[in-house]
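Asker: One-letter residues, chain by chain:
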Amino acid sequence: MAAYVGTTGTGIHSGVTHRPFCRSCGQVAAPDEAACSSCGASLVPPRPAADDSFEAIGVKTAGTRKAGAGTFPIIRDEGRKWFVLAMNGAEVSLKKKDAELSSALKPAGRVQRWVHWCNHATSDQGLQQFWNRALAAASTEWDGRLMAQWALSKTRLGLLDGLNLSQSELTWLKIHSAIRVGKFEDTLHWIARLEDGTYPDILDLLGYAVAKGLPLAQAQKVQDKVAALDPHHPVALLLSEAPLAQWKDVQPAETPVLRHLRQAALFAVGQSEDAPGSGPLATLAKVERSLVGGESLPRESLSIPTTTLDLLLLWQERADPGGIEVRSDPKPLDDSWAPYADDLLEQWSPLSTAQQTWLEQIIRGSTGSAWESVTRRLDVLSGEGEAGSPCEEARRAYVSGDWSYLRNAGGHGEYFLALADLRDGDATATDRLQGHECLPLEGKRTLDLLETLVAGQHEQVSILVQDPTLWETLVKLDVPAESIVDTPLRFREWHHLTKAKQALYDDHFSEAAKIARECLRISTIEDIRDEALNLLGVALLSEGNAEAAATAFDKAIEDAHSDRLLVNWAIVRSASASDGLGDHWLEVAKKADHSPLRAAAGLRALSNLDDENGEAQLTSIAREVLFSAGDLDTAMAYLPIVGRHDSTWFQGQDWSTSPFFESSAFKVRVALYHSDQDHLEVLGNLLRKHPEDQELLEIRDSVVDSVMAVMGGAGDDEDENQLGIAAWGLQMLDVVPLKPRQEAILSLWSVQVALQHFGRDYEDDELPGEGLLKFVTRAEALVVDDSKGFDEDDKRFVSRQAAILRDEYAQQNITWHAHAHDRAVDTYNGFIDSIRSIGYGQRLDKQKVRAAAQEFSDSCQLHINEVSTALQLVSDEDLRQMSNNLLSAWKELQSTAQGLKRSV
Amino acid sequence: MSDRNPYLVLGIDYGSTLGDAKRAFARAARDLKRGSARKSFERADLSWALNEVEHEITDPEAHIGYLRVPANAGLYESIGSGLLNPDPYLPDRQTNTSVSAPSRGMIEMSPLADVIGDALLEACDPGVLLDPYPMLEEERP
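Those protein sequences? They're chains V and S, same order as listed.
Under numbering that gives the first Met the number 0, think of the first position of the first sequence as 0, with each following residue one higher.
Under numbering that gives the first Met the number 0, think of the first position of the second sequence as 0, with each following residue one higher.
Please keep in mind that the hints were generated in silico from the structure rather than gathered at the bench.
Watch out, some of these pointers could steer you wrong.
As the list claims (entries may be wrong) - So these bits of chain V aren't anywhere near chain S, every CB distance computed over 10 Å:
1) W402
2) I483
3) L519
4) D558
5) D582
6) T618
7) T656
8) A670
9) W727
10) S902
Said to hold, decoys possible - List of simulated lysine to any residue pairs, SDA-like, C-alpha gap at most 20 Å:
11) V:K475 to S:S35
12) S:K21 to V:G400
13) S:K38 to V:S541
14) S:K32 to V:D506
15) V:K475 to S:R22
16) S:K38 to V:D506
17) V:K173 to S:Y132
18) V:K443 to S:D86
19) V:K475 to S:A36
20) V:K589 to S:A61
21) V:K443 to S:G79
22) S:K38 to V:F508
23) S:K21 to V:D423
Since the structure is predicted, the reported quantities are computational estimates derived from the model, not experimental observations.
Using N, Cα and C, we set each Cβ at its ideal position, and we do this for glycine too.
Just need the whole structure built from these sequences, with the hints factored in.
Answerer: In structure tokens form, the structure reads like this:
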């Protein structure tokens, strides 16, 4: 489709598209064509020749008479007489021509002169006489058009009949005349009578009529005529429900008419352009019906968001804009939209934040001159600009609580101080508000009603509650309960909640419960009911009725619930429950929205949970806590949970991305649960790298203290893994840099715990290794090193402990060998019995017996060696005697075995 | 759970600011001194409550020691403007008072006219648009 470029041909002004056409038959003509190729009529009016042979006319008012020969009255018009002056020849003296006479001579042609004089007629009768003179003088169709032009401009449409013009031109003139008087049905009627493809200016005329209110559905009746003229004209597109794609080919319109028409069509394009009944026309018709019927606009059917449409929707429903969602980009608009925005500024409060932001962007982005004042008003509204008036200045101080400003702001400050007093329930403040210039008109009426209320006439309450800013004041004024019976439900709900809450604050728990129950009786809104249940629950709990309170909270959290309700439920349920204390907090930990609350509730649950399953349920919270901002203590508390219950996830994390990884404690703790890392080794490495790091040193001390605490209690539990505890201590000695005192004590205690393990079960095959004693020696060496700072007491203590540990080691060794001796004797006796049991005729394998005896003897020698070594460590005399006896016993057994070998 | 709730002792909403707590403390202490307190408590209770709000409850929404009253603070808030919360005092408007009466009537008639609005009416001077013989104007002597 060729681009439609707006004005063509002999456009009469930039607002309208005109193509040259023949007025007589309506056919479109080529530019600069002098005569119509269809009917032959001239397209260009002839230049009228000056005609001074024609009579001029002058006016004679009562009592005077225009001088001049041959004058005679010809027209009477409401007491005035008009004279025609014969001009042919010089018979008339024109020396004293007055101004009217002079002007009468100016028009070039006769008809022009008569039409001009029609302007001076003061009665219909006079006009008709002038008109008849013009008709009589008219000789060409252009004379008739001149007269038609005048008649239309004066809305003297009845004069059109009788003009010497073609029937089609007269029909076309009636279209013009009908549009002028807003008779759109007549417009359509006359358009329908035109021949197809004639009079192209009806496109613009129709667009104008639509703009003036001609419903599109009606305009569609002449759709064929429009399409026959130019199917691509915007009006034709609009009426034909053209797809959006065709509109895109229309060049950016040069004229407001086209621009607005196109805009109208664009916003009205339906969701499915191809589906019957869903095109722009259908949509517009739907919109129109809604508006005429006073209904809300069918917003959902307008699929293309446009800034202007959103603005209009907001404007249309500005008293209650809640349902209007602005979807379009807030683009700058031209001046024509400024009044709508200005209207909305005066209805600012009901707009949502999103709507306000959207509108603000439009206003600030629009640069037309009309927008300047709107922007200034917006600046005041948003508090960004100068206040502009003392009232606004004081209002801003009032809103921000700047009381010192108000106290020094004279009368305007006084007004707002009085408002504050009224808000706090001081009814006498109304006197200071009345008559003040800051009191808005609508505020005056409210104030009057408030004064009647204070005077005791409570029937006004239902009107006063329409101002929500007065609700709190009404509660403080303690209006009687019976006076709010007829108020809107929303106010009564709010009133009951507020009163119940205040009763709780005043420790009037029974009253609070009563009002909360009344609120529950009247309200069906879940939020209100949940809050009433909350107040009821707290009141009941305060009265000591924990079970009833818990029931109230159970109901409050049945469906949707807030964090606050959830916490209250957990607190009250925990207070009333006899078991499962952790379960309620576990629920909070799982369901709360506020992550710090989830973390805190989880910790509370942890302290009460008595099984691993409960703890395992906190893993998702633990995951979140460990990688989100929060406090280190909480993170440290959660780390073991994932370490123990969420090991796979734990091992897969890049812990260096945790916000807590800066902490050495966290790092060491991560290593503790990380299977690939030894936390003591991590601690040792960190300490060697940062030997002065206080946090690391504290962790080290803490770990040593923990180890020692465990060692201190070692042996209390038979199932305890003492060997593991000892290994823990020995590993610390091995990998972690320690203080000398820690090293000495840890050395002795680790050996002691290990010996406790070995001494627990002598039947065990295990025997404490000799290597253990190296740690005893290490402790002894430390205390005698003067550079380590040990005193004499330390030295004596370590020396004594070392002796005890060596005796213990020796005793365990000897005891073990004593048990081994008993077992060896049994073994030997069994061997002898087996030799003796060989029956008659059976042959003794002497070689085998000798080998076995030798092996037994060698075994005895090993025991003899080890007992001899242990004997060297013994300081206790009794133990030494026992050791010597054992040594003798082993030697005797070895000797017996040797004797057997020799005797075979 | 503690039997005492610092916010209830002070008679303020849960999670109120420290400033609110201090004001409530001062008010309650004054009432206590005058013997006009609305409930029975001692000054030590007030001190404890203020101390709790000031030092113990760093994040009220994460604290799990005390009951929340109210649970839904938004229900008690006064919304909208009115006598006690006046809208800003705007300077006089410079645009047409609202949309002019004829335009308003038109807008009520037609949504298309809504869109076209005043701009269209201004752009389309009927005296020019509806002139059937503009060429006559041009040709007048």
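Asker: Now, for every hint given, state plainly whether the structure supports it.
Answerer: Hint check results:
The non-interface label for W402 (chain V) is consistent with chain S: the shortest C-beta to C-beta separation is roughly 13 Å, beyond 10 Å. For I483 (chain V), the non-interface assignment is confirmed: its Cβ lies about 16 Å from the closest Cβ of chain S, beyond the 10 Å cut-off. Once the 10 Å rule is applied to beta carbons, L519 (chain V) is consistent with being away from chain S; the minimum gap is 14 Å. Listed as a non-interface residue, D558 (chain V) keeps its Cβ farther than 10 Å from every Cβ of chain S; the least gap is roughly 14 Å.
With 10 Å as the threshold on Cβ separation, the claim that D582 (chain V) sits away from chain S holds: the shortest Cβ distance comes to roughly 15 Å. Every C-beta of chain S lies more than 10 Å from that of T618 (chain V), the closest at about 20 Å, which supports listing it as non-interface. Its beta-carbon lying about 24 Å from the closest one in chain S, T656 (chain V) satisfies the requirement of being farther than 10 Å from that chain. Non-interface call for A670 (chain V) relative to chain S: holds, since the shortest CB-CB distance, roughly 29 Å, exceeds 10 Å.
Taking the minimum C-beta to C-beta distance to chain S, about 36 Å, the non-interface status of W727 (chain V) holds against the 10 Å cut. Non-interface status of S902 (chain V) relative to chain S is upheld: no Cβ of that chain comes within 10 Å, the nearest being about 86 Å off. At most 20 Å may separate the alpha-carbon atoms for a hinted pair to count; K475 (chain V) and S35 (chain S) meet this at roughly 17 Å. The suggested pairing of K21 (chain S) with G400 (chain V) holds, with an alpha-carbon distance near 17 Å, which does not exceed 20 Å.
For the given pair, K38 (chain S) sits about 14 Å from S541 (chain V) by alpha-carbon distance, which is consistent with the 20 Å threshold. Restraint check for K32 (chain S) and D506 (chain V): the C-alpha separation of about 19 Å stays at or below 20 Å, so the hint holds. A threshold of 20 Å between alpha carbons decides the hint, and for K475 (chain V) with R22 (chain S) the separation of about 19 Å falls inside it, so the pair holds. At roughly 6 Å between alpha-carbon atoms, K38 (chain S) and D506 (chain V) fall within 20 Å of each other, so this suggested pair holds.
Taking the CA atoms of K173 (chain V) and Y132 (chain S), the gap is near 14 Å; set against the 20 Å cutoff, the hint holds. Under the criterion of a C-alpha separation no larger than 20 Å, the hint pairing K443 (chain V) with D86 (chain S) is consistent with the structure, at around 14 Å. Note on K475 (chain V) and A36 (chain S): the hinted pairing holds, with a Cα-Cα distance of about 17 Å set against a maximum of 20 Å. Restraint check for K589 (chain V) and A61 (chain S): satisfied, since their Cα atoms lie roughly 14 Å apart, inside the 20 Å limit.
At roughly 18 Å between alpha-carbon atoms, K443 (chain V) and G79 (chain S) fall within 20 Å of each other, so this suggested pair holds. Between K38 (chain S) and F508 (chain V) the alpha-carbon distance is near 11 Å, which keeps this suggested pair within the 20 Å criterion. Between K21 (chain S) and D423 (chain V) the CA atoms are separated by roughly 18 Å; this keeps the pair inside 20 Å, and the hint holds.
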